[in-house]
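> Residue strings, one per chain:
Protein chains: 2
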Amino acid sequence: MARAWHLISRPDALPTPDNFALRDCPLPDLGDGMVHVRNLFLSVDPYMRGRMNEAKSYIPPFALDAPMEGGALGEVVQSNAEGFSIGDLVVHMAGWRDEAVLAAKALQKAPQIAGVEPQAFLGVLGMPGATAYFGLLDAAQAQAGDRVFVSAAAGAVGSAVVEIAKAKGMTVIGSARGRQKCDFVASLGADATIDYTAAPILKGLREAAPEGIDVYFDNVGGDHLDAAFARARLNARFALCGMIGGYNSREAMSFRYIIRVIAMRIALRGFLYGDYVSRLGEFYSEVGALVASGEVKSHETIADGLEAAPDAFLGLFSGANTGKMLVRV
Amino acid sequence: MARAWHLISRPDALPTPDNFALRDCPLPDLGDGMVHVRNLFLSVDPYMRGRMNEAKSYIPPFALDAPMEGGALGEVVQSNAEGFSIGDLVVHMAGWRDEAVLAAKALQKAPQIAGVEPQAFLGVLGMPGATAYFGLLDAAQAQAGDRVFVSAAAGAVGSAVVEIAKAKGMTVIGSARGRQKCDFVASLGADATIDYTAAPILKGLREAAPEGIDVYFDNVGGDHLDAAFARARLNARFALCGMIGGYNSREAMSFRYIIRVIAMRIALRGFLYGDYVSRLGEFYSEVGALVASGEVKSHETIADGLEAAPDAFLGLFSGANTGKMLVRV
Numbered sequence: 016m017a018r019a020w021h022l023i024s025r026p027d028a029l030p031t032p033d034n035f036a037l038r039d040c041p042l043p044d045l046g047d048g049m050v051h052v053r054n055l056f057l058s059v060d061p062y063m064r065g066r067m068n069e070a071k072s073y074i075p076p077f078a079l080d081a082p083m084e085g086g087a088l089g090e091v092v093q094s095n096a097e098g099f100s101i102g103d104l105v106v107h108m109a110g111w112r113d114e115a116v117l118a119a120k121a122l123q124k125a126p127q128i129a130g131v132e133p134q135a136f137l138g139v140l141g142m143p144g145a146t147a148y149f150g151l152l153d154a155a156q157a158q159a160g161d162r163v164f165v166s167a168a169a170g171a172v173g174s175a176v177v178e179i180a181k182a183k184g185m186t187v188i189g190s191a192r193g194r195q196k197c198d199f200v201a202s203l204g205a206d207a208t209i210d211y212t213a214a215p216i217l218k219g220l221r222e223a224a225p226e227g228i229d230v231y232f233d234n235v236g237g238d239h240l241d242a243a244f245a246r247a248r249l250n251a252r253f254a255l256c257g258m259i260g261g262y263n264s265r266e267a268m269s270f271r272y273i274i275r276v277i278a279m280r281i282a283l284r285g286f287l288y289g290d291y292v293s294r295l296g297e298f299y300s301e302v303g304a305l306v307a308s309g310e311v312k313s314h315e316t317i318a319d320g321l322e323a324a325p326d327a328f329l330g331l332f333s334g335a336n337t338g339k340m341l342v343r344v
Numbered sequence: 016m017a018r019a020w021h022l023i024s025r026p027d028a029l030p031t032p033d034n035f036a037l038r039d040c041p042l043p044d045l046g047d048g049m050v051h052v053r054n055l056f057l058s059v060d061p062y063m064r065g066r067m068n069e070a071k072s073y074i075p076p077f078a079l080d081a082p083m084e085g086g087a088l089g090e091v092v093q094s095n096a097e098g099f100s101i102g103d104l105v106v107h108m109a110g111w112r113d114e115a116v117l118a119a120k121a122l123q124k125a126p127q128i129a130g131v132e133p134q135a136f137l138g139v140l141g142m143p144g145a146t147a148y149f150g151l152l153d154a155a156q157a158q159a160g161d162r163v164f165v166s167a168a169a170g171a172v173g174s175a176v177v178e179i180a181k182a183k184g185m186t187v188i189g190s191a192r193g194r195q196k197c198d199f200v201a202s203l204g205a206d207a208t209i210d211y212t213a214a215p216i217l218k219g220l221r222e223a224a225p226e227g228i229d230v231y232f233d234n235v236g237g238d239h240l241d242a243a244f245a246r247a248r249l250n251a252r253f254a255l256c257g258m259i260g261g262y263n264s265r266e267a268m269s270f271r272y273i274i275r276v277i278a279m280r281i282a283l284r285g286f287l288y289g290d291y292v293s294r295l296g297e298f299y300s301e302v303g304a305l306v307a308s309g310e311v312k313s314h315e316t317i318a319d320g321l322e323a324a325p326d327a328f329l330g331l332f333s334g335a336n337t338g339k340m341l342v343r344v
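Note that the protein sequences, when read in sequence, are chains A and B.
When you line the first sequence up against this note's numbering, it's residues 16 to 344, in that order.
When you line the second sequence up against this note's numbering, it's residues 16 to 344, in that order.
Among these hints, one or two may not hold up.
Which copy? The list can't say, so a pair holds if one copy fits it or any two copies do.
[What the hints assert, rightly or not] Here are the simulated SDA-like cross-link-like pairs (lysine to any residue), alpha carbons at most 25 Å apart as the crow flies:
(1) K71 <-> A278
(2) K312 <-> S94
(3) K218 <-> S269
(4) K124 <-> L217
(5) K183 <-> G334
(6) K218 <-> E266
The hints are simulated quantities; they were obtained by calculation from the structure and are not laboratory data.
Isolated chain A (complex conformation) (with noise of 0.2 Å):
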């Protein structure tokens, strides 16, 4: 027997663990074309509370009082499907819980690159790495010499932003909750950190970036981005990925320098991981190589045992994690 963890009901703000449940749930037969997949990573993301209300999004709500879905590096236990043996390290979506039974083309194998840990592949391997890759590189269009502006820079798609960055000749500036945060930034090699409890993200950017800056790369909205209008160069170039600060409230988010997208020009773009799927090749290859030479590093916060998950989802809105968030089962 398996156990899932279930949303039981929607939250109205911020969730709490009253939302959630951790239930028995019976494992199908291993039928034809099936595998049994022993978890040992799940990924928890901001994006998923937005799968927690009920309101369409750009992926359906999760049901309520069903399992619920999420990243997850696996092992096969048992295979009745062709190309997967015991023991191969799979990726999936059937994170939450600690064990499924899939069809094949539910899993991808963890490409084997030496020297990388496993859960790199739900990290900057995985869907955060590629977000900051292509938000970086394609709807963001940076190049090198650009002076690059991050928010939520210790998180699991900042911190990739910062090191990818880095790799390829920008400035960085990042910012992230308290002092702590903040020597994890700088030690991804960042030029600048903007510790945003300490004084006004505007203040703080201005001091960080007196020239200004060509790139945003938004994990938050809100007052980070309305800095980043505030500092935005001539032809400045935003990539929106998340606004962290707006998922759990209703509120209306205030910007007084929007008006600056006139007269600097700035080109913003929305984007998701889930538009480049179809370029995950390059992204492997190039971003990859940087692992293993140790350019880029994998970093992850992690929480022990199923039991874990919801609190280390809820860490995520109060800055629990430097690097990627994960439970280990």
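Given the structure of chain A, go ahead and fit chain B onto it with the hints provided.
Coordinates of chain B only, in the frame set by chain A:
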């Protein structure tokens, strides 16, 4: 002796007639390469509000106690420059006055297009028309079949957007203040109009474009821009050209739906007329032909007399104009 409007104090919010004074203004001698021009029509435009602030923007602020500048159409009354003869119609930036002596290089001869009144070169065939043309087709990459929403659709830029978009096979929804202006927008060929004084703009847009919008041409910012966020379809494109709603205010603008930029992959671009001066040839050729054929018309609200210039300018912010606001000297 010429007369010219001077800015004598900087407005805090909405300008008042006290900020302006009409003063005598001696004309320089007609040196070599100089042309003496008598103005026929002066242009007043929302962007001029920005030049009344001290703050540096994309164009320098107006100097205090000096003649103001602005688009104008004039007639050559005396020439000491090759290529200019008495009676030639010229477009130039020495507006806000009745006469000027200018270097020939500051003048552009008004192209002669059969059936086109020369003041159209301050409107649909001038800066507002080119702003509409390049904003729609380049900044917003609008295509035949797109559903285009344009705010301030009865204004100089907005009315040109409506006509050009219709000529290009798009569906057009225009917003304007009051029933009378909406009737004007409908007369330009708009498929639907929204009187935003009758109901909140978001409600109006939901009814006028039940399937959402592909393109938003923004002239006002604020709640119109937020409504466009709310109703944008996948891969919508926004051209941001002006935010008249914010020119007289230092208040922040509030957005409830900006987070949809991500899920809908909205691309926003700020742009200015000046970005496209090197491409005016294609604009004259294409829109000139549309005006000559009668498919696109020039629409003006004309105030009479140099004395009327400040009131005409202030009228832009209370919606006194339908089409291009001009002053006939």
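> Hint by hint, say whether it matches the structure.
Taking the hints in turn, this is what the structure says about them:
no.	hint	verdict
1	K71 <-> A278	between (35 Å within a copy, 10 Å between copies)
2	K312 <-> S94	neither (32 Å within a copy, 71 Å between copies)
3	K218 <-> S269	both (17 Å within a copy, 21 Å between copies)
4	K124 <-> L217	neither (44 Å within a copy, 47 Å between copies)
5	K183 <-> G334	neither (27 Å within a copy, 50 Å between copies)
6	K218 <-> E266	both (24 Å within a copy, 19 Å between copies)
When the structure is compared with the earlier hints, violations turn up for hints 2, 4, 5 and for no others.
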